[in-house]
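J.: Sequence:
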Amino acid sequence: HGAARAGCVLIERLVVANRCSQTVEMKGWDKRVPPGAEVAMEGPHRDDYGRISWRLEGGPAGYDIIEMNYDWPGAGSELCAHPNYASWHGFTTSSRYEALDPDTGELACADAGAEMTFQTSTCPDAGAGAGASGAFSCDFRATQESIRSCASDVAKYQELNSFCINGDGTRSL
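Per the working numbering, residue -18 is the first one in the sequence shown, and the count goes up by one each step.
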């Protein structure tokens, strides 16, 4: 295993495990992950270095996003920031990411990941017409004003369905 600079972590592998009933398209790697499959995203991705983005094949055109908060080119390189979900605009799938120890396969640290348990059947209607669109299965139709309203139905929905994955595998808000 290679060493990372202080404050960084070397991400040796990025594996996408598709638990959806549709194929997942990974932006920048031009890879497709069939239902039930696990596929390694090898080498650098070709665009949008600050994100890991995916969408369902044949689904809405928008991409669900994990913000890397760093220009991360892909597996085999360091990440020197804290990733987070960028779901303020809407979503198509629920998802989960985990940092695993490459030697043991166990969760790598105390705050090893995050999970969004979104479901299109519970997409909130915040009075702004949230719902399915050509971009997302649940489009929040976000504006600069609406994404700053922590009291909105959309913000409450995201908070209730957003979790930290702890080092022991439990989840917390």
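Calculated directly from the structure, the hints in this document are not laboratory data. Any given hint could turn out to be false.
[As the list claims (entries may be wrong)] If you anchor each label on the Cβ, the simulated ranges turn out as follows:
1) P15 with D134: 33 to 43 Å
2) H70 with K12: 21 to 31 Å
3) A(-16) with C145: 37 to 47 Å
4) E19 with T98: 29 to 39 Å
5) D84 with G39: 33 to 43 Å
6) D134 with G(-12): 18 to 28 Å
Every residue, glycine too, gets a C-beta built ideally from N, C-alpha and C.
J.: Is 29 to 39 Å right for how far apart the beta carbons of E19 and T98 are?
T.: Check failed, 21 Å falls outside 29 to 39 Å.
J.: Could you check the hint for me, namely that H70 and K12 are 21 to 31 Å apart, CB to CB?
T.: holds, 23 Å
J.: Mind checking the hinted window 33 to 43 Å against the Cβ distance between P15 and D134?
T.: holds, 35 Å
J.: Please check whether A(-16) and C145 have a Cβ separation lying inside 37 to 47 Å.
T.: This hint is violated: roughly 27 Å between Cβ atoms.
J.: Starting from the hint 33 to 43 Å, judge whether the C-beta atoms of D84 and G39 obey it.
T.: Check passed, 38 Å falls within 33 to 43 Å.
J.: Could one say that the CB atoms of D134 and G(-12) fall in the range 18 to 28 Å?
T.: Given range 18 to 28 Å: violated, Cβ gap about 38 Å.
The earlier numbered hints that this structure contradicts are 3, 4, 6.
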